[in-house]
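With the hints as extra help, turn the sequences into a complete structure.
Keeping their order, the protein sequence lines are chains A and B. Using this note's numbering, the first residue of the first sequence is number 94, and each one after it goes up by one. Using this note's numbering, the first residue of the second sequence is number 178, and each one after it goes up by one.
One thing to keep in mind: the hints can contain errors.
What the hints assert, rightly or not - Interface residues of chain B toward chain A, partial, derived using beta-carbon atoms under 7 Å:
#, residue
1, 195
2, 318
3, 429
To be verified - With a cut-off of at most 25 Å between alpha-carbon atoms, the simulated BS3-like pairs for lysine-lysine come out as follows:
#, chain 1, residue 1, chain 2, residue 2
4, B, 301, A, 115
5, A, 343, B, 356
6, A, 157, A, 343
7, B, 231, B, 205
8, B, 396, B, 301
9, A, 343, A, 149
These are computed hints drawn from the structure, not numbers from a lab. Yeah, the Cβ is synthetic: ideal placement off N, Cα and C, and Gly gets one too.
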Amino acid sequence: MTSSFSVIPVPAPRRRNRSWAKFRHNRSAMLGAVIILFFVAVAICAPWIAGQDPLKVGFTAIRKAPSALHWFGTDELGRDLFSRMVYGARASLLAGTVSVLIALAVGVPLGLISGYFGGLLDGCISRVTEALFSIPFLILAIALAAFLGPSLTNAMIAIGVSASPLFIRLARGQVLAVRREDYVQSTRSLGASDLRIILRHVLPNIMPALIVQATIQIAVAIIAEASLSFLGLGLQPPEPSWGSMLNTGKNFMTQAPWMSILPGCAIFLVVFGFNLLGDGLRDALDPRQED
Amino acid sequence: MFRLILRRIVVAIPTLILVSMMIFSLQKILPGDPVLAMAGEERDPAVLEFLREKYRLNDPLPQQYLAWVREVAQGNLGISLRTEIPVTILIAQKLPVTIQLASMAIVFSVLIGIPLGILAAVRKGTRSEFGINLFALSGMSIPNFWLGILLIMLVSVHWRLLPASGFVPPTQDFWLSMKTSLLPAIVLATAISAYLLRHTRSAMLEALRADYIRTARAKGAPEWSVILRHALRNALMPIVTLVTILFGELLAGAVLTEQIFGIPGFGKLLVDAVFNRDYAVVQGVVLCIAVGFIALTLLADVLYILVNPRLRNA
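Dropping the structure here:
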């Protein structure tokens with residue numbers, strides 16, 4: 094999460110150089126990376142940037158408009174909105190990355206097994222994937238989070254599980270394409286075990302597609318986390334999260350518009366950053382796969 | 178052709194069964210004993226045992242599942258714990274509202290997404306393509322509940338043009354109904370039109386690369402005819418399939434949009450049920466969405482087979 098550049102392990106060094114060059118000259122991708130790095134820095138350095146305690150209630154400063162003392166104004170309990178937004182970056186980025194990691198951890202092994210071994214196992218996994226796909230992602234996440242109980246951890250699990258069929262399908266399709274390649278066939282003829290072929294030859298080759306999809310999925314997951322928090326199914330109050338700040342903000346639309354405008358801006362910017370980066374990575378790493 | 182369609186229908190059956198199993202098992206991951214929750218203060222063992230018998234909680238899981246499926250197949254999705262109204266009736270009440278919103282949103286997004294997608298493909302590499310792409314990416318990145326709040330602030334509160342919330346059915350007052358559903362439909366359409374735009378763009382780029390386009394140009398067909406009659410007609414098929422899939426996306430979007438605009442639709446039903454821990458309603462709504470979605474994709478695939486001459490004659 095700290096760096097978006099170091100995570101581009103592409104097997105052949107020459108190709109990496111070419112991809113990197115292509116990526117570096119893609120201005121919108123670079124803008125995306127800068128936006129993400131900015132928010133990552135804010136999340137890490139939150140205690141030093143915030144200036145004020147995000148949980149400290151101040152009854153003398155309720156719903157104050159942005160000023161020199163409170164840059165982004167204060168909320169309905171007089172808490173400093175700037176500090177809350179700075180700390181809110183943590184929940185948002187954490188939820189985005191962790192839930193995608195969960196989706197990857199669940200989806201990629203299943204997809205690899207399904208695509209590599211085929212047969213009955215593949216049939217079963219594919220049917221389950223299709224069944225999961227028939228429930229829209231956010232609805233599945235809301236239902237799971239509702240049944241698991243409201244908390245940030247459960248929200249991340251719900252989002253991760255809901256996103257995993259996407260990675261099962263992607264990994265499976267990629268494996269099917271790679272499996273017939275000569276280098277996989279020749280490794281097999283040299284007597285390499287299935288596990289070795291999967292880990293050393295198949296996985297590295299499907300990595301670019303996975304990275305591209307994971308980046309875009311982080312954007313989706315951040316919106317999903319904000320949606321769940323907005324519905325009260327995410328990080329619980331008084332802990333700050335952008336989604337729940339918007340939820341309270343909407344009740345004071347006319348009296349304190351900054352309470353809903355600013356957290357939404359933050360969500361939009363981060364998500365926009367990940368989408369820009371994802372598009373750029375797709376152009377650089379995976380030109381075959383357009384949209 | 179009929180074999181193809183038949184095979185497609187047969188494939189949908191295991192999906193349907195699996196989905197119903199998943200939704201059934203949702204209530205099994207609930208922490209705590211549902212009987213204790215139902216009995217409330219009453220902790221009399223006899224009452225608990227009676228409730229367990231009544232809701233078949235003593236039966237083995239497969240039996241419970243089969244009993245549930247039997248009920249569902251008869252149109253009985255259980256009773257809302259909160260309002261004590263049958264879930265089926267609740268769904269029948271709320272669904273038309275959301276379908277109205279979703280249909281309006283589909284119309285908007287087709288009107289915005291497809292022309293802009295064509296334009297982006299035709300003007301590849303120009304500033305207008307860059308602008309359109311940026312627009313699409315923003316549409317995908319904007320959280321729809323935030324967009325809803327912003328629109329209410331601007332259009333309803335600041336300009337006082339449209340009502341900020343509520344819903345009027347079209348049978349009661351058609352124009353007022355359009356006015357109340359305009360903003361939510363725009364919010365719903367934003368993300369959908371962005372997806373549609375991007376897919377139209379790539380489908381058009383693909384089609385414009387084809388040999389028959391070169392032939393059409395070579396025979397001297399005017400450019401508009403090449404784009405609209407030759408390229409678009411071929412690019413349109415995957416787009417039509419996408420529209421049906423996006424319907425699921427619309428339902429998901431409706432959950433938050435209806436919450437913001439206070440619209441008594443399907444999405445609000447789900448959210449209220451989540452808030453009230455009304456699990457029968459949550460289960461019923463999710464099941465209804467899943468079945469609807471499976472039916473829609475099935476319909477799209479059958480249409481695809483019927484429309485595509487290569488498959489039609491297979």
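How the hints compare with the structure:
Interface restraint check for residue 195/B: the shortest CB-CB distance to chain A comes to about 4 Å, inside 7 Å, so the restraint holds. Proximity of residue 318/B to chain A holds as hinted, the smallest CB-CB distance being about 4 Å (cut-off 7 Å). For residue 429/B, the interface hint holds, the least distance from its beta-carbon to any beta-carbon of chain A being 4 Å, beneath 7 Å. Between residue 301/B and residue 115/A, the direct Cα distance comes to roughly 18 Å. Compliance with the 25 Å bound is thereby established for this hinted pair.
As the CA atoms of residue 343/A and residue 356/B are separated by approximately 21 Å, the hinted pair is consistent with the 25 Å bound. Restraint check: the Cα-Cα separation between residue 157/A and residue 343/A comes to about 16 Å, which is no more than 25 Å; the hinted pair holds. For the hint pairing residue 231/B with residue 205/B, the CA-to-CA distance comes to about 17 Å; that is within 25 Å, so the pair holds. For the hint linking residue 396/B to residue 301/B, the alpha-carbon distance of about 23 Å falls within 25 Å, and the restraint holds.
For the proposed pair residue 343/A and residue 149/A, the alpha carbon gap of about 21 Å is at most 25 Å, so the pair holds.
Figure legend: structure checked against the earlier numbered hints; every hint is met.
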